[in-house]
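Visitor: Using the sequences and the accompanying hints, generate a full structural model.
Numbered per mature numbering (1 follows the signal peptide of the UniProt record, and there is no 0), the sequence shown spans residues -28 to -1, 1 to 435.
In short, the hints are calculated from the structure, not lab data.
Heads up, some of the hints might be wrong.
Below, a list of computed lysine to aspartate or glutamate pairs in the EDC-like style, where the Cα atoms sit at most 16 Å apart [claimed, not checked]: (1) K200 to E381; (2) K134 to D123; (3) K200 to E71; (4) K4 to D144; (5) K287 to E372; (6) K4 to E71; (7) K134 to E71; (8) K224 to D203; (9) K287 to D298; (10) K257 to E198; (11) K200 to E214; (12) K140 to E214; (13) K287 to E306; (14) K289 to E310; (15) K289 to E306; (16) K134 to D160; (17) K140 to E46; (18) K4 to E109; (19) K335 to E306; (20) K134 to E214; (21) K287 to D301; (22) K225 to E372; (23) K335 to D362; (24) K140 to D123; (25) K134 to E56; (26) K200 to D382; (27) K151 to E56; (28) K200 to E215; (29) K289 to D301; (30) K181 to D160; (31) K112 to E100; (32) K140 to E115; (33) K225 to D203; (34) K134 to E115.
Across the chosen pairs, the derived CB separations fall in these ranges [said to hold, decoys possible]: (35) D144 to V223: 23 to 33 Å; (36) K225 to D301: 34 to 44 Å; (37) K116 to G81: 26 to 36 Å; (38) K224 to G312: 40 to 50 Å; (39) V2 to D301: 52 to 62 Å; (40) E214 to A345: 37 to 47 Å.
Even for Gly, the Cβ is constructed at its ideal location relative to N, Cα and C.
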Amino acid sequence: MCGRQSLLPPLVFFLPLLCNLFFSTAAAAVLKPGEQLRENETLLSAGGSFQLGFFPAGGGSRRYLGIWYANIPERTIVWVANRESPITTFPGALSVSTEGKLSLSGGDGAVIWSSSSGSPGAVAELLETGNLVLKAEAEKDEEKFFWQSFDYPTDTLLPGMKLGWNLKTRLDRYLLSWKGPDDPSPGDFSFRMNIHGSPQMFLMNQTAKLYRSGPWNGVRLSGVPEMKSNDIFTFRFVANSEEVYYTYELVKKELVSRLVVTTYGQLHRFVLLEKRWNNYWHAPKDQCDSYSFCGPYGVCDSNRSPVCSCLAGFKPKSPTDWALRDGTDGCEREIPLECGTGEGFVPMSGMKLPDAWQAVMYKNMSIEECEQACLRNCSCAAYTAADIRDGSGCIMWVGELTDLRHYLEDGQDVYMRTPASLLGEYSLHQTHICSLVENFPLRRSKFTASKKKLSSCPIFIIP
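Guide: Laid out in structure tokens, this is it:
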């Protein structure tokens, strides 16, 4: 230990200097041009929350440069630089090149990974947020950083990170799972923002959709009704001409949390409790979280058995499969639509908004204007308010309605285009369904084609 009197006298004089050198190196958060970070060294963020260094995988035959929590006994990696190009010749080293880029090399000196951008004279700093950045040494404005690891996530979303698109640079920030528990190379599962139609996020197995968040409705993602800002988290969704992204922050800064795409294809939000990770939330949770489990125009409700039913005015497309509780093919209309012949809309209450990739959104349109616009467009199948806080904005679906789900609480009203011949029967049909499904809440809708206020319990047919 530093300063122990039992050491040899010639060393005593140098011990304070050696101790200071050791601790300043251990606590360093900055890597400057001309310096190297080697395999037995780490950068430590200024507040001591995160470390950057080398870690082994594959039984020690491969090395990776990564970021992990500094004060948690079980090493938890949150970012990996060279996940596609492991170090196989030792020792590895990280440096800032003369061009001002991060450069990772193996024991043979060959560069195996480098940052995509930089600037001469830049320094690398590990911030207390877990973000590794290249910047001018005194720069604090992240808009002026030359490069940052937060723009290139691995499998983990930390507080303050953005999941989504920079529309100016076409940078797509998304999570990609590890290939295995001890293999940080790219896996099969991703969680990413889809900006077609009304923006929403998908959990994917390569190109197959597994789970959908639903669009942001001004308060939460419509497919995550339990997602409400509280005394732990605040959630934010930004969509403008420059960027579209989701992010979150911790209300209490002493808390530690992360959102992860696992190697097994699940989303998990973890919160640290007494040095152990507690599973705070996960998805998919049940059958109805599986993408389009009941097919087009089929509604999934985990509180019913069977879970699938058709919307009113629809029938199972494959009755045999439906009877066997396979709702993949969904439902089809019993009576075709005839545009301009007195069609109107009936409300579906407590819904997860349908897949919005074929939807169009108008932020400045009222719900009355939205209804009329949908009525004029023969391709419009349904509409709803874009923002549930004040009923403003408009989302219109111009294709089939799929990945529908009903919630007992905190769902949203969706107004479905309905043939004129069914509008007159709606009240009687609705009363019949409500009497059969007692646990469905009765709600009131503000708008219908006739502008009448109707009780709007979910309009499904009993399978």
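Visitor: Determine for every hint whether it applies to the structure shown.
Guide: Hints and how they fare:
1. K200 to E381: 13 Å, holds
2. K134 to D123: Distance of about 8 Å is within 16 Å: holds.
3. K200 to E71: Violated, because 45 Å separates the two Cα atoms, which is more than 16 Å.
4. K4 to D144: Violated, because 29 Å separates the two Cα atoms, which is more than 16 Å.
5. K287 to E372: Cα-Cα ~15 Å, so holds.
6. K4 to E71: 12 Å, holds
7. K134 to E71: Distance of about 27 Å is beyond 16 Å: violated.
8. K224 to D203: OK: K224 and D203 at ~8 Å, within 16 Å.
9. K287 to D298: 14 Å, holds
10. K257 to E198: 12 Å, holds
11. K200 to E214: 26 Å, violated
12. K140 to E214: 6 Å, holds
13. K287 to E306: Within the cut-off at roughly 6 Å; holds.
14. K289 to E310: Since the Cα atoms of K289 and E310 sit roughly 20 Å apart, the hinted pair is violated (cutoff 16 Å).
15. K289 to E306: Holds - the C-alpha atoms of E306 and K289 are around 10 Å apart, at most 16 Å.
16. K134 to D160: 21 Å, violated
17. K140 to E46: 39 Å, violated
18. K4 to E109: 9 Å, holds
19. K335 to E306: 34 Å, violated
20. K134 to E214: 13 Å, holds
21. K287 to D301: 11 Å, holds
22. K225 to E372: 44 Å, violated
23. K335 to D362: Measuring from Cα to Cα gives roughly 12 Å; hence the hint holds.
24. K140 to D123: Since the Cα atoms of K140 and D123 sit roughly 14 Å apart, the hinted pair holds (cutoff 16 Å).
25. K134 to E56: 22 Å, violated
26. K200 to D382: Holds. K200 to D382 sits at ~10 Å (cutoff 16 Å).
27. K151 to E56: Cα-Cα ~11 Å, so holds.
28. K200 to E215: Since the Cα atoms of K200 and E215 sit roughly 23 Å apart, the hinted pair is violated (cutoff 16 Å).
29. K289 to D301: Status holds; Cα separation ~6 Å.
30. K181 to D160: 12 Å, holds
31. K112 to E100: 13 Å, holds
32. K140 to E115: Within the cut-off at roughly 14 Å; holds.
33. K225 to D203: 11 Å, holds
34. K134 to E115: 13 Å, holds
35. D144 to V223: 23 to 33 Å: 29 Å, holds
36. K225 to D301: 34 to 44 Å: 50 Å, violated
37. K116 to G81: 26 to 36 Å: For G81 against K116, whose Cβ atoms are near 32 Å apart, the range 26 to 36 Å holds.
38. K224 to G312: 40 to 50 Å: Since the Cβ atoms of K224 and G312 sit about 57 Å apart, the hinted range of 40 to 50 Å is violated.
39. V2 to D301: 52 to 62 Å: Because 59 Å falls inside the window, the suggested range holds.
40. E214 to A345: 37 to 47 Å: 27 Å, violated
In this structure, the earlier hints numbered 3, 4, 7, 11, 14, 16, 17, 19, 22, 25, 28, 36, 38 and 40 are contradicted, and the remaining ones agree with it.
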